[in-house]
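Student: Residues per chain are reported as follows:
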Amino acid sequence: MDVALFITCLSDTFYPRAGDAIVRVLRHFGCRVHFPAGQTCCGQPAFNSGFHRAAAVLIRRMATVFEPFTHVVTPSASCAAMVKQHGPPLLADDPGAHAASVRLAEKTWEFCTFLRDRLNVDIAAHLQAREPVTFHYPCHARSIYGLDDLRAWLSRLDVRPPARTDLCCGFGGLFAVEFPELSAAMLGDKLDELAATGARLVICNESACTLQMAGGAHRRGLPLRFKHLAELLAESLGLMEAAA
Amino acid sequence: MSRTGDLRARIAAATTDRRVVNAVHLAAWRKVDARAESFAKLPHVEALRDKAAQIRQHVIENLPRYLECFVERATALGAQVHFAPDGAAACRTIAQIAAARGLSLAVKGKSMTSEEIGLNVALEATGVRVVETDLGEFIVQIDHDRPSHIITPIIHKDRRQVARAMAREFGCPYTEDPAELTKIARRHLRDIFRRCDLGITGVNLGVAETGTLCLITNEGNGRMTITRPRVHVALLGIDKIVPRLTDLPIFLKLLARSSTGQPMGAYTTLINGPKRPDDPDGPGELHVVLLDNGRSDILTGPLREVLRCVRCGACLNACPAYRNIGGHAYSSVYPGPIGSLLSPLLYGHAYDDLARVSSLCGACRLACPVQIDIPELLVRLRALACTRQPRAKRVLLRLWQWAMQTPWAYRLGQRLMRFLPDDGGGWTRHGPGLLRAWTDTRDLPCPAVRSFRSIWENELRDEH
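As they're listed, the protein sequences go chains W and R. Here my numbering is used: the first residue of the first sequence is 33, the next is one more, and so on. Here my numbering is used: the first residue of the second sequence is 13, the next is one more, and so on.
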């Protein structure tokens, strides 16, 4: 199967290891992976801030960049949701671009759900970890995969769930810098939850949440490490060296 | 008018008020948990929410018809219905009712709609003394404070603050014992109830087919308020209508559970007109003041879904932003997620920026008994207000958009980010310029030494 990777701007810039892991895992399960170099951002920050014209321009661009491919896979559920749900209505006035954005919406997959639903991979059966893990469920994954899905994928690990499993990390796009003190206060609640689990490895499939939580943990001196599920999977399958 | 600077400062200050934040955290989580527990025990709860959402959406899409019906039936029951296009008109109407009958002591049930229009101040200005009888609102009143939650007005106060306010007001010995405090308030209020001549309440829902007013209260004060005085004025937002009496049970099941986790409010009162000749008691006159105050504009606008709201307060409790700042930081009668929608719609563009006080996490949407997609509406509101954003922000956004449309500029941006100071171990602790908004409270990881696209170009592309 031919698959185009939509890396997302944040993973591209801050967390390329997740992309590396995805490429290796997809290849392991028989996919041919492509990386259209023209890709940038799906427009989610603009969309969430209400700048819908800018978001429309970028979603139109995305549709063009990924037009040649039949499957688009991304590490981020929130970017997948942007492309799948919020994108097409932005182009409602332009039938051609709208149709292209609908095609993009239909063929875009979040990585874990692609493995499960298109490649019939039993993620839980392949995952291993040498230590207890906890997790962050990204709020914007709700329309893509549920908390129960994430728990199922991690079910064979020694999982120490936070007491409040669906607490927001406080990132929220521009919110994080427009109301930084509030964003940090919400982050504090989140880190308290994670730290209380006793696990030091946090599975988080959202670069933006990781940026926020890792940044907060580092500032506070908390010994938390963050990994995308793809990284743990690539390590478990022997496709990558375990990261420190 | 933009209040951005003010709002950020106010919110920043609110996050540091540990006493308020702790009080709100504790109470809000308690309610979130109680709600979850009671919802878990309610059979077919999702079907009920679907139904409730559907009924309310249907009402707001057919409001004129249902309002007409409600007015006709309520009038037939003997109520006098007044229509108030705005808050000032509603206050005027109620003041006139009082003046014409020589009413001078009003008791009030808890009503956010009355807060919305500033009724107490307006009535006091005409010489009517107004006494709040809901315990929380009573304490707000004696403490010259403002409610910070639409259901739990003193969620921001701890027990000591309540005790101090009571001791100061009544000269009674200082006590923090809730039972004792309640007893003191009750003694005081009983005397007021004996002497009052006007009762003012809000209405939880009006029933169109019967003209019935449904009131849900917890302390019994509501019933005293609608039985003791000789005149009852009920203030009803025009949106708070359900079509049939048989629709009520759905809302009775959901409303109290959403608010406090109780299976039902302690007192559910259905009012069908004023005292009849053979009734032993009750007010001889019932006035229903139907308040528009911007609602019919909302009705024709792109955010009309917000009018489904039944003011249960569940979204406030569920909101991680609300829990960390409390209600006063919003500077509006309606705080929290629903308030961030209602305030700009009711009070105008000066409140637009409240729509940005949300991480869009969606906890509010999950908590809402009538399934208002609050995050979606917040984004819609942000979009409507985007041309009124500060110019600098719009220019930056435009620059960002250009970079994202232009792959070489995007890559250049990535490379430029590597010039951020590494303050040790691959972290920036003191970001320059705009980045301080991040690094004042969090560290920022330095960008990866090699971006994904460079790893792809150099290694991954050719590996198979």
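The set of hints was computed from the structure by calculation and includes no laboratory data. The C-beta atom is built at its ideal place from N, Cα and C for all residues, glycine as well. Careful, some of the hints might be misleading.
Residues from chain W that face chain R, not an exhaustive set, calculated with beta carbons under 10 Å [said to hold, decoys possible]:
#, residue
1, Pro255
2, Leu256
3, Arg257
Beyond 12 Å from chain W on every Cβ pair, some chain R residues (computed) [what the hints assert, rightly or not]:
#, residue
4, Met124
5, Val369
6, Ile467
Label-pair restraints from in silico Cβ distances [unchecked claim]:
#, chain 1, residue 1, chain 2, residue 2, range
7, W, Gly128, R, Pro275, 48 to 58 Å
8, W, Ala124, R, Ala404, 24 to 34 Å
9, R, Thr258, W, Gly178, 52 to 62 Å
10, W, Gly253, R, Ala421, 31 to 41 Å
11, W, Gly128, R, Gln274, 53 to 63 Å
12, R, Ala48, W, Asp154, 51 to 61 Å
13, R, Val461, W, Asp154, 52 to 62 Å
Student: Evaluate each hint against the coordinates.
Tutor: Verification of the supplied hints:
1. With its C-beta approaching chain R no nearer than about 13 Å, Pro255 (chain W) sits outside the 10 Å limit, and its interface hint is violated.
2. For Leu256 (chain W), the shortest C-beta to C-beta distance to chain R is roughly 13 Å, which exceeds 10 Å, and the interface hint is violated.
3. With its C-beta approaching chain R no nearer than about 12 Å, Arg257 (chain W) sits outside the 10 Å limit, and its interface hint is violated.
4. For Met124 (chain R), the shortest C-beta to C-beta distance to chain W comes to about 24 Å, beyond the 12 Å cut-off, and the non-interface label holds.
5. The Cβ of Val369 (chain R) does not lie farther than 12 Å from every Cβ of chain W; its closest approach is about 6 Å, which violates its non-interface assignment.
6. Chain W draws Ile467 (chain R) into its interface by the beta-carbon criterion, the shortest separation being 5 Å against a cut-off of 12 Å.
7. Evaluation of the 48 to 58 Å hint for Gly128 (chain W) and Pro275 (chain R) yields a pass: the beta carbon distance comes to about 55 Å.
8. Separation of Ala124 (chain W) from Ala404 (chain R) is about 30 Å and conforms to the stated range, judged on CB atoms against 24 to 34 Å.
9. Distance hint for Thr258 (chain R) and Gly178 (chain W): a CB-CB separation of about 34 Å, inconsistent with the stated range 52 to 62 Å.
10. In this structure, Gly253 (chain W) and Ala421 (chain R) meet the distance hint of 31 to 41 Å, their C-beta atoms being roughly 37 Å apart.
11. A hinted range of 53 to 63 Å holds for the C-beta pair Gly128 (chain W) and Gln274 (chain R), which are about 55 Å apart.
12. Remark: the range hint 51 to 61 Å for Ala48 (chain R) to Asp154 (chain W) is contradicted by a beta-carbon distance near 31 Å.
13. In this structure the hint that Val461 (chain R) and Asp154 (chain W) lie 52 to 62 Å apart at CB is violated, the actual value being about 35 Å.
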